[in-house]
Amino acid sequence: MIELELRKIFSGSLFEGEIKFMEPMSNHTSLRIGGNADIYAFPADIPSLIGILINLKNNGIPFIALGGGTNILVRDNGIEGAVISLKSFKNITKIKEDGDSVIVYASSGVLLQRFITYCKENGYKGIEELAGIPGTIGGAIYGNAGSFGLEIKDVLYSIDIMNKTGLIKRFTPDSLNFGYRTSGISLENIIIGAEIKLKKGDKNEIAENIGNFLKIKKEKQPIWEPSAGCVFKNPPGFYAGRLIEEAGCKGLRFGDVEVSNLHANFFINRGRAKADDFLKLMEIVLYRVKRKTGIILEPEIKIVGRDEIAEG
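Numbering follows the working numbering, with no gaps: position 244 of the sequence shown is 250.
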């Protein structure tokens, strides 16, 4: 597809928000890596989201939903079809209060750290361990983000998911296939928001706990540098970062991508890194870890995009 053809398809559409064409995904990922997406859409509301899904379906255009662009690697040749961002979906509302329990609804585009700040300000506890994790509520749910023994599934009460036809259904966590760093939710299903169950607590104690978790993360993880978070999953009984370090990979570099000297399971973009550099470094690390330990690491990051440029 060329940009002119795409513009014709979407001209005159009833849509509130913004649609960009041939948009560099490096502008929308925490790694600052990625080729162009044919279409990048920011619907402003549910009707606009449904409208663009119908338009995409009618024209046979594939799509993926994207949260905050963390924990994802977009290939250098970009993404065929559309990327849908729910950054405009930023609502946080207290739904129910019962004794010392409270349920809060957070839309998919709410930054996870904004939600944690909201909980701190209102004296709601139970999610402090996730402090310092980047990205949105939707992205955190999709990848079942976790830290310090807590996974986001542990505080979910319900999740609203829209399928590719625009139909929204509410699911309980038990009805989905949550696992280690996965929710089992397809990229073609869009997380609209979730009810999150918390407890009332002392604001000062909550703030102190958040501060302690953030301090530990800053000491052990390069959270201020351009990365995609942890590259590999922890194998059962092991820490991927430790295995990578013991295989002598700290500081290893390919192109402008480098294994962090602070935490070996973080790969840092040191300049103008390419996705191919990142993938090559992953291969080298995988080989060295397997050669030393016999363990084959599995990627935690999601790799999306065209494998190669189509001919013609």
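Hints may contain errors.
[Claimed, not checked] Capping the alpha-carbon separation at 20 Å, the derived lysine to aspartate or glutamate pairs in DMTMM-like fashion look like this: (1) K203 to D313; (2) K296 to E231; (3) K102 to E22.
[What the hints assert, rightly or not] Ranges between beta-carbon positions, derived for each pair: (4) I301 to L268: 18 to 24 Å; (5) E231 to G254: 31 to 37 Å; (6) E252 to I56: 20 to 26 Å; (7) R312 to P241: 42 to 48 Å; (8) R259 to R13: 49 to 55 Å; (9) M28 to E103: 44 to 50 Å; (10) P228 to D104: 25 to 31 Å.
Treat the hints as calculated values from the structure; they're not laboratory data.
Cβ atoms here follow ideal geometry from the backbone N, Cα and C, with glycine treated the same way.
For each hint, the structure was consulted:
With a C-alpha separation of about 41 Å, the suggested pairing of K203 with D313 is violated against the 20 Å cut-off. Pair hint K296 plus E231 does not hold up; C-alpha atoms about 27 Å apart against a cutoff of 20 Å. With a C-alpha separation of about 31 Å, the suggested pairing of K102 with E22 is violated against the 20 Å cut-off. For I301 and L268, the hinted distance range of 18 to 24 Å is satisfied, since their beta carbons lie about 22 Å from each other.
Checked against the given bound of 31 to 37 Å, the beta carbons of E231 and G254, roughly 21 Å apart, lie outside it. At about 50 Å, the CB distance of E252 to I56 disagrees with the hint of 20 to 26 Å. Checking the proposed 42 to 48 Å range against R312 and P241 shows it is violated: the Cβ atoms sit about 30 Å from each other. The hinted range of 49 to 55 Å is not satisfied by R259 and R13, whose Cβ atoms lie roughly 41 Å apart.
Checking the proposed 44 to 50 Å range against M28 and E103 shows it holds: the Cβ atoms sit about 48 Å from each other. The beta-carbon spacing between P228 and D104, approximately 41 Å, falls outside the hinted interval of 25 to 31 Å.
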